[in-house]
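Novice: Let chain A serve as the given structure and place chain B on it in line with the hints.
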Amino acid sequence: MNIVVLVKQVPDTATERKLRPEDNTLDRAASDGVINELDEYAIEEALLLKEKHGGEVTVLSMGPDQATDSIRKALSMGADKAVHLNDDALHGSDALQTAYALSKALGTLEFDVVVLGSESTDARTGVVGAALAEYLGLPQLTLAGKVDIEGRSIRIQRQTDYGHDVVEAELPAVVSVVEKINEPRYPSFKLIMQAKKKPVQKLTAAEAGIDVAKVGLNSAATEVVDAAAAPPRATGTVIKDEGDGGLKAAEFLAAKKFI
Amino acid sequence: MAEVLVLVDHVDGEVKKVTTELLTAARRLGEPSAVWVGDGAEEGVARLAEFGAAKVYVASGELNDYVTAPTAELLAKLARDAEAAAVLVSATAQNKEIAGRLAVKLDSGVLTDVVDVDADAVAEHSVFGGAVVTHARVRTGAPVIAVRPNSIPAAPAETPGEAIRESVAVELSDTARAARVVERVKQEQGARPELTEAAIVVSGGRGVGSDDFSVVENLADSLGAAVGASRAAVDSGWYPNQFQVGQTGKTVAPQLYIALGISGAIQHRAGMQTSKSIVAVNKDPEAPIFELSDFGVIGDLHKVAPQLTEEINRRK
Numbered sequence: 003m004n005i006v007v008l009v010k011q012v013p014d015t016a017t018e019r020k021l022r023p024e025d026n027t028l029d030r031a032a033s034d035g036v037i038n039e040l041d042e043y044a045i046e047e048a049l050l051l052k053e054k055h056g057g058e059v060t061v062l063s064m065g066p067d068q069a070t071d072s073i074r075k076a077l078s079m080g081a082d083k084a085v086h087l088n089d090d091a092l093h094g095s096d097a098l099q100t101a102y103a104l105s106k107a108l109g110t111l112e113f114d115v116v117v118l119g120s121e122s123t124d125a126r127t128g129v130v131g132a133a134l135a136e137y138l139g140l141p142q143l144t145l146a147g148k149v150d151i152e153g154r155s156i157r158i159q160r161q162t163d164y165g166h167d168v169v170e171a172e173l174p175a176v177v178s179v180v181e182k183i184n185e186p187r188y189p190s191f192k193l194i195m196q197a198k199k200k201p202v203q204k205l206t207a208a209e210a211g212i213d214v215a216k217v218g219l220n221s222a223a224t225e226v227v228d229a230a231a232a233p234p235r236a237t238g239t240v241i242k243d244e245g246d247g248g249l250k251a252a253e254f255l256a257a258k259k260f261i
Numbered sequence: 009m010a011e012v013l014v015l016v017d018h019v020d021g022e023v024k025k026v027t028t029e030l031l032t033a034a035r036r037l038g039e040p041s042a043v044w045v046g047d048g049a050e051e052g053v054a055r056l057a058e059f060g061a062a063k064v065y066v067a068s069g070e071l072n073d074y075v076t077a078p079t080a081e082l083l084a085k086l087a088r089d090a091e092a093a094a095v096l097v098s099a100t101a102q103n104k105e106i107a108g109r110l111a112v113k114l115d116s117g118v119l120t121d122v123v124d125v126d127a128d129a130v131a132e133h134s135v136f137g138g139a140v141v142t143h144a145r146v147r148t149g150a151p152v153i154a155v156r157p158n159s160i161p162a163a164p165a166e167t168p169g170e171a172i173r174e175s176v177a178v179e180l181s182d183t184a185r186a187a188r189v190v191e192r193v194k195q196e197q198g199a200r201p202e203l204t205e206a207a208i209v210v211s212g213g214r215g216v217g218s219d220d221f222s223v224v225e226n227l228a229d230s231l232g233a234a235v236g237a238s239r240a241a242v243d244s245g246w247y248p249n250q251f252q253v254g255q256t257g258k259t260v261a262p263q264l265y266i267a268l269g270i271s272g273a274i275q276h277r278a279g280m281q282t283s284k285s286i287v288a289v290n291k292d293p294e295a296p297i298f299e300l301s302d303f304g305v306i307g308d309l310h311k312v313a314p315q316l317t318e319e320i321n322r323r324k
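Just so you know, the sequences run in chain order A and B.
If you count the first sequence from 1, you need to add 2 to reach our numbering.
If you count the second sequence from 1, you need to add 8 to reach our numbering.
Calculated from the structure, these hints are not laboratory results.
Don't be surprised by glycine CBs; every beta carbon is placed ideally from N, CA and C.
Some hints could be false.
Here chain A is said to cover these stretches of chain B; the calculated rule only asks that three of the stretch's residues, wherever they fall, bring their Cβ under 8 Å from a Cβ of chain A [stated by the list, open to error]:
hint: 1; stretch: 65-78
hint: 2; stretch: 113-122
hint: 3; stretch: 139-153
hint: 4; stretch: 183-191
Incomplete in silico selection of chain A near chain B, CB under 10 Å [said to hold, decoys possible]:
hint: 5; residue: Ala16
hint: 6; residue: Leu40
hint: 7; residue: Gly119
hint: 8; residue: Thr237
hint: 9; residue: Gly247
Just chain A, with the same shape it has in the complex (with noise of 0.2 Å):
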């Protein structure tokens, strides 16, 4: 079974992440580049889909050259190989813009089964895995919290406010993950330098066969108006709690209307 897992590298939330006041985009040279958290289980999972079922990972990131960390960390983990999808016609491009170029990246690849997290950590518009499926015309099976394939059907748990879905597709398809899915391994020494040797293929956007006026900031269909820091909150009070901090904290309610 050949499953592309995809892969972004993201601020890192530890650290204040900031917009460009040029062009309102992410400001990726601010804070230090990690891999989204959620794709680690995005990982975890196709590898253990190809543990169960054999066949080969394969890790597709689009991003710029900063990208590479998240790809290696993504090989360390285990995947085979890995193509980073780079061109500087593709920033600034929005959720559904990366959509369209991943799917136009995928198509030049052989898969029977698409990973990714449900969201990132930074725009966490929680869309990019709809929109692909629509932009493949795939299934989309996405939020799954238990993945299970036999033969060319797959079922999977999709997470809901009540509880979860049983939802039913034929491969191939696109499946976005939660967290509760499984537990992401931590890369071994031995496969961390082995995952130097892994090969790395450039994609650019016209070998992607990318329509780059369909791509970038200056063609996406959202644009950011404006961005400033949201106002501090107000100081509030903070007490030691000497036998009556529940009463205390009655009061504030109570001063507050809330009871």
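Specialist: What follows is chain B alone, placed relative to chain A:
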């Protein structure tokens, strides 16, 4: 006036609060038309009219037998036929997916997790865990906007009329039927409000110390609140995954958020930072949650929360 489509969230004929918020926002952009998928429209129509819906499109519940694609096809057809000025949905995980697919079909743009929208369809976002406020717009096509529940105060229309009900039939494509829902597994939620819609949320974290969440639930029930949990509590298996608040869980913005035994790491703050009032109880005086709190108690939540619960019940 141009039609603005609003996808209705409902449970057994009861219109959810977020839909009244969406209708309120839709009135700024044009004339709201509600889109109802499934049964129960006859019970919900009065409520929708009260908040300004002039029309209610009703489609068969068969659409819900498949994942998101059929509803996106329905909305695309309606948006094209009506030349809609915009389409609004609630920013739930599922509806954001519908919004994404819809925008691809309409060749327009999608804005997600919007906290406000003006008459020109310029949308406000709170990003990076609430640290930055941005305004964004869609430049081409009818904007598809997913609005976060509890963000825009709902107000009934000044001159509500009767809403016209109109049945819509959709020929689903084979692609739309590709992902079939074969079973729905509902977990017991009791009488508590839904997490993202609740006016008050009480969440428990590592400090709860075990899978006995009753200290959190009792306080929540005294306030008619929803229960949430931090990632630490969910990862420990103390509370189910769908109640997780934070960066990789739900984002909530209630009137009041009470954090019990939650330190307030960025992982958690990203999901609750825009709550109107924040109250925290934590043993550690250095816990970052206190930087956000309007009222904080340094102490043992197992002493403070039961006392607070008792006092709330006494004052009722």
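Novice: Taking the hints in turn, state whether each one holds.
Specialist: Hints, one by one, checked against the model:
1. Given as covered by chain A, the stretch 65-78 of chain B passes the check, having 3 residues with a CB less than 8 Å from a CB of that chain where 3 are the minimum.
2. Given as covered by chain A, the stretch 113-122 of chain B passes the check, having 8 residues with a CB less than 8 Å from a CB of that chain where 3 are the minimum.
3. Counting residues of the stretch 139-153 of chain B whose CB lies closer than 8 Å to any CB of chain A gives 11, so the stated coverage by that chain holds, three being the minimum.
4. Given as covered by chain A, the stretch 183-191 of chain B passes the check, having 7 residues with a CB less than 8 Å from a CB of that chain where 3 are the minimum.
5. The criterion of a C-beta within 10 Å of any C-beta in chain B is met by Ala16/A, whose closest approach is roughly 6 Å, and the hint holds.
6. Because the smallest distance between the Cβ of Leu40/A and any Cβ of chain B comes to about 6 Å, under 10 Å, the interface hint for this residue holds.
7. Checking Gly119/A against chain B: minimum C-beta separation of about 9 Å stays under 10 Å; hint holds.
8. With 10 Å as the threshold, the beta carbon of Thr237/A comes within range of chain B, its nearest partner Cβ sitting at about 8 Å, so the hint holds.
9. Given the 10 Å rule on beta carbons, the hint for Gly247/A holds: about 4 Å separates it from the nearest Cβ of chain B.
The structure fails none of the hints (numbered hints given earlier).
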